[in-house]
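Taking the hints into account, I'd like the entire structure generated from these sequences.
Protein chains: 4
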Amino acid sequence: MGEDGHPGTPAADGPEATLEELRVRIDALNAEILALLQARAQVVVDIGRFKQGHGLDPYDPRREEEELHTVIDTMGGPFAPADVREIFRSIFRASLDLMDRRRRQALHVRRTDLVPAGGILVGDVAIGAGTPVLFAGPCSVETPEQMERIAAHLARYPGPKILRAGAYKPRTNPYAFQGLREEGLVILRDIARRFGLVTVTEVLDVSTLDVVAAHTDMLQVGARNMYNTELLKALGRIGKPVLLKRGFMATVEELLLSAEYILAHGNEAVVLCERGIRTFEPWTRNTLDVASVPLLKGETALPVIVDLSHALGRKDIMLPCGRAVLAAGADGLMVEVHDHPDQALSDGFQQLDLAGFDELVAGLGLDRPAPGR
Amino acid sequence: MGEDGHPGTPAADGPEATLEELRVRIDALNAEILALLQARAQVVVDIGRFKQGHGLDPYDPRREEEELHTVIDTMGGPFAPADVREIFRSIFRASLDLMDRRRRQALHVRRTDLVPAGGILVGDVAIGAGTPVLFAGPCSVETPEQMERIAAHLARYPGPKILRAGAYKPRTNPYAFQGLREEGLVILRDIARRFGLVTVTEVLDVSTLDVVAAHTDMLQVGARNMYNTELLKALGRIGKPVLLKRGFMATVEELLLSAEYILAHGNEAVVLCERGIRTFEPWTRNTLDVASVPLLKGETALPVIVDLSHALGRKDIMLPCGRAVLAAGADGLMVEVHDHPDQALSDGFQQLDLAGFDELVAGLGLDRPAPGR
Amino acid sequence: MGEDGHPGTPAADGPEATLEELRVRIDALNAEILALLQARAQVVVDIGRFKQGHGLDPYDPRREEEELHTVIDTMGGPFAPADVREIFRSIFRASLDLMDRRRRQALHVRRTDLVPAGGILVGDVAIGAGTPVLFAGPCSVETPEQMERIAAHLARYPGPKILRAGAYKPRTNPYAFQGLREEGLVILRDIARRFGLVTVTEVLDVSTLDVVAAHTDMLQVGARNMYNTELLKALGRIGKPVLLKRGFMATVEELLLSAEYILAHGNEAVVLCERGIRTFEPWTRNTLDVASVPLLKGETALPVIVDLSHALGRKDIMLPCGRAVLAAGADGLMVEVHDHPDQALSDGFQQLDLAGFDELVAGLGLDRPAPGR
Amino acid sequence: MGEDGHPGTPAADGPEATLEELRVRIDALNAEILALLQARAQVVVDIGRFKQGHGLDPYDPRREEEELHTVIDTMGGPFAPADVREIFRSIFRASLDLMDRRRRQALHVRRTDLVPAGGILVGDVAIGAGTPVLFAGPCSVETPEQMERIAAHLARYPGPKILRAGAYKPRTNPYAFQGLREEGLVILRDIARRFGLVTVTEVLDVSTLDVVAAHTDMLQVGARNMYNTELLKALGRIGKPVLLKRGFMATVEELLLSAEYILAHGNEAVVLCERGIRTFEPWTRNTLDVASVPLLKGETALPVIVDLSHALGRKDIMLPCGRAVLAAGADGLMVEVHDHPDQALSDGFQQLDLAGFDELVAGLGLDRPAPGR
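Protein chains in written order, with the numbering used here: chain A, -15 to 357; chain B, -15 to 357; chain C, -15 to 357; chain D, -15 to 357.
Misleading hints may appear alongside valid ones.
Copies of the same chain look alike in the list, so a pair counts if it works inside one copy or between any two.
To be verified - Cut-off 20 Å, straight-line C-alpha distance, at most; resulting in silico cross-link-like pairs (DMTMM-like, lysine to aspartate or glutamate):
#1 Lys217 to Asp194
#2 Lys224 to Asp97
#3 Lys281 to Glu252
#4 Lys217 to Glu166
In short, the hints are calculated from the structure, not lab data. Since the model is a prediction, treat every value here as computed from it, not as a measurement.
Spelled out as structure tokens, the structure:
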């Protein structure tokens, strides 16, 4: 059949096949192609088994290129090399997926039995066990008095809660307040103990990991550190739960892969935290990606919380947004609370005062024990 | 006091003032500055009154430049011209705001009495009256049979609902299915009438506005048309309610200003629709900006709904996201529903089938009349 | 072709095959798969001819679903249904591409002979003929005196140039200056004629297209209108060159498809304009996507210019950015120029004054005829 | 100073003042306000001196709040408290700027004498000395043979060049190839020495800084680490030049502040690198922000280079984009080069082969010494 006629001209040789006849041919060809694909998949499985037995990497892009070149060298038409390349890439991808699937079913982050029924425990606080957990406290530890007032207030809240406050602050500006560092850790720990609270605080890098871990119940990886793979690996070797925040320009998949770093290195007590992404919308500090909550829930059994303060950067819409993320299935909320936000050394504009905190938890219906809980 | 010493050197002339003394001086200066600012504001009000009386534009940037030049010419230190320029620009801005405020209090979109207590009526369906309204239907009108099956299904839903379907489709690709146009309008109208449903459909431009308006109960402005000011003005002169979608590249403020175009030209029956914004996150078609719902609610009394199908572009997380936006205060939801999504002529991957629709409304608790409603 | 005795049949229980042997099997299977794919592609081509001959749509998702169901029903292993679905979707896609390619080779926007050797002519100004064209003028037509001063200045510039100025302004705020409209068109035309200049001005919608077209040499589609398909179609039927701006949240591909709308409706004289996209970077009004210039050049023969004023929103980096886009292959630059930017009724902060314009063209080396030109 | 008898006092009920008269009053009030603002600024300077002399933080938000409360308490009209708050905030900001300006003139990153006339030296290669420097090499060190072929090729390039290759790879996926680590460092160093080349390689965190620094001439901070302040501080204490890449989600200002961390801790040999930002445009891996080059140049004397491979993620538009960034003033280019890109263990699709590298440098006119250089 020549190319000479117009593309729209019906094939000239012999009486034209009907659409029905052409479709029967397609179905037959599909069946043959499928049989060959399955046969090929079986060889791929054999190769995978061979490689695993001999300690070889399953993924071998050189070999793929060879295959493509061999195939393309035998090309006729009507498919152009680029089409065939595309189809074979999808066959390669499916083959890798096939091997991957077994590995991925073993992928820590997707394991369905990852989190015990009682949730992830931080001290006696269970995250992911049905009752939303409040992570609350000031942006930074400033003084013992400040921490005491806030901790005393939080201790009165009846539901599960974790006191949060930064001692090591990752500041964009080198001359901005960098936190009280070790002194702040000690204040945070002492005050929390006095009020029977457990704590979470941020760890900035591997070199300060031990000192931070020695003073807190849960370790936070901040948004700027989500890609810090050396830190993630080190956290995998620590016996404390980790709160992993999504980078503000990170995809949901990248957050899962960062969690995988921690899990793969031995620590399964990881809580994920959506905290807004950078977009063009200026009326919120970041854009709260509420869909990330069910997306994450669909991919992993790890608990997911939402940091409302950083996502929104404003207080006036915190209540409806808090309702929204709980409705979307979040296992907890993080909010910045300060006894005197106007005087805070950092991020005062987005920190709730104590009355604002009470209003929020009342508005969320979290101020009294839920009937069935 | 000279500039000669190091910036850190205390002022040399006389015994150094204490911090307390310096602060008293600041407070006194602040009081004087405030008095002058108020006096200046009064003159600004007089000028505004004068201009309004003489039909002049209140904003006169040339005059501002003159003022700045006059001021800068009399400059001493220590403020540099750029500082003074900055402060005076803020004074100008506050002065404009002062005049604007009266205008803005008259700004349609911010008027608190904008929406009647019974909500905005589309036929007998009230939007913004307390019960969430479902906007449901296929992406495109395809055939009378398809529309009939979908309308029949929707008619059984007990709550307030509006049948949506596109007749004029704004497609990125000129060779993609462009909708049945007028034929589609007629099908939509006839089927809706048969099942006692009211309809919304998109209008693409001024030239087709009359024909679309003749066949539908509510007119939709699509995301691509949110900045189409000529269309917005024309819709202001139409006596039908408008559903105004946020552009996927539009800020919340820009959406409000687009609504203002319609209101300012005479039509107050406007419903706003969040439908996701373009970001880097690839697992959803757009990023659902849930915070936009309370942000809009804080700025206007107009009802706000959310188009879940376009915001998410996938069905598996529609239920938790639907719960989220209702919890955030949305007055309704839009979802694409098709009797055979796999065969849809457009956007099949994101359209619910009829069973999926039932699951969604059941999951949202909308399938039975609310107790108090 | 049966499953038995196939080269791909799994090694039963005999001695384990070597990696080399397994790879030979894969190569053989690949060759068989390729042969079947090509046979299938030939039937697809036949179906395409049949459909075109009978006026049927080449894309038929219903049929694809049927094929998939038939295939899946005959499934064995080890590929799971999702894998096979994925591979067959890529076969479908390649098949559609195959049909599309012929259509796309006929796609106007990709035709290599689209632009005559002498470029696209606006009056006697040739765009895309080797010498960069300057599009310069104020944001808005304000007064005859203003236009006269600017036109007189531009007329002295020795290279090819087009006077730009807005008469219909697409303003976000309904109460901002909306342009002098028809009065502005007349001023622009009269002044341009007096100085022997050709003009470009924006058209906002179909309803004002005729009046705008009657007064200008080239019609501009603004960024907010790039998706306005009704306007694009109408411009396809106008016998005047069009300057099509990229939407600030539009992909390069979407810009090409918008151009295709104009071309497909009969007008081939289209010039594309990059003008920055919306990102998170706040130091420029938009982010100038310099890569879009060679990307567009690789896809179409249509000329490409860059609007520096809107892309940057500041004047201090206009010269190096102007050098950059010309080095990247742009066929021209657009800049806003005003005789008194401080007094401009719109966008004063980003408009060059006349001296700034002279500095820019001198810095770009455009103030004297190029040697070989 | 009282409200009575003030030039700004509202016209009581006498004959209406003319616009001209009102404007004279405004000018007089402006002059008085200015005098008070300057007097206030002088007290602010005195307070700054006092604080610096006593080791106090210049910024004291508590004091600002007090001032605002005092002012607001004495409010009359017509300005509302929010207006006055806004104006006083701008006065506070200008006052802080005033103090900041001196500090900022001392800000390392803005010092005009930061870079010696001969540029920043990496071995004998001068960056920022007029001739663009090529940073070239593979994504990852894979084998000694691979590095040898690439180094041999690069050594023939006549202009200034630096061999780049990753030994520690920051991979999103924990199971992707993570680099040869220390083994890779040794290969890189040995091969580079053999061919007389200097090297740059990435350092991932503080814990591996010493080993990386021991083997390379320049240390690279990758995009994912730009906010890793602990690493930045540690690099400030290292006596080796640093290549600091912009995060793909970082603003230009944030890049400058990250550089400031390194400078403030003692290391002035910093080269900045634009490598594209994350946007919605899918045809390039990132969006090359060409405007960042002159923006950075306007803020700092530090050299600025552009990583074309990561910015674009494709090879076909590398030449025009390379021309663009050099025209915009970049001091160098980074490109990934591999002897067999199809077989690369990472990022093969964006790595040039050796012939592609030769074409690029020829196209850029860098393959022969510039006349005047």
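Hint by hint, here is what the structure shows:
In this homomeric assembly, Lys217 and Asp194 come within 20 Å of each other (Cα to Cα) both inside a single copy, at 14 Å, and across copies, at 19 Å. For the homomeric pair Lys224 and Asp97, the shortest alpha-carbon distance inside one copy (19 Å) is at most 20 Å, but the shortest distance between copies (48 Å) is not. In this homomeric assembly, Lys281 and Glu252 come within 20 Å of each other (Cα to Cα) only inside a single copy, at 16 Å, whereas the closest approach across copies is 41 Å. For a Cα distance limit of 20 Å, the shortest separation of Lys217 from Glu166 across copies, 17 Å, qualifies, whereas the shortest one inside one copy, 23 Å, does not.
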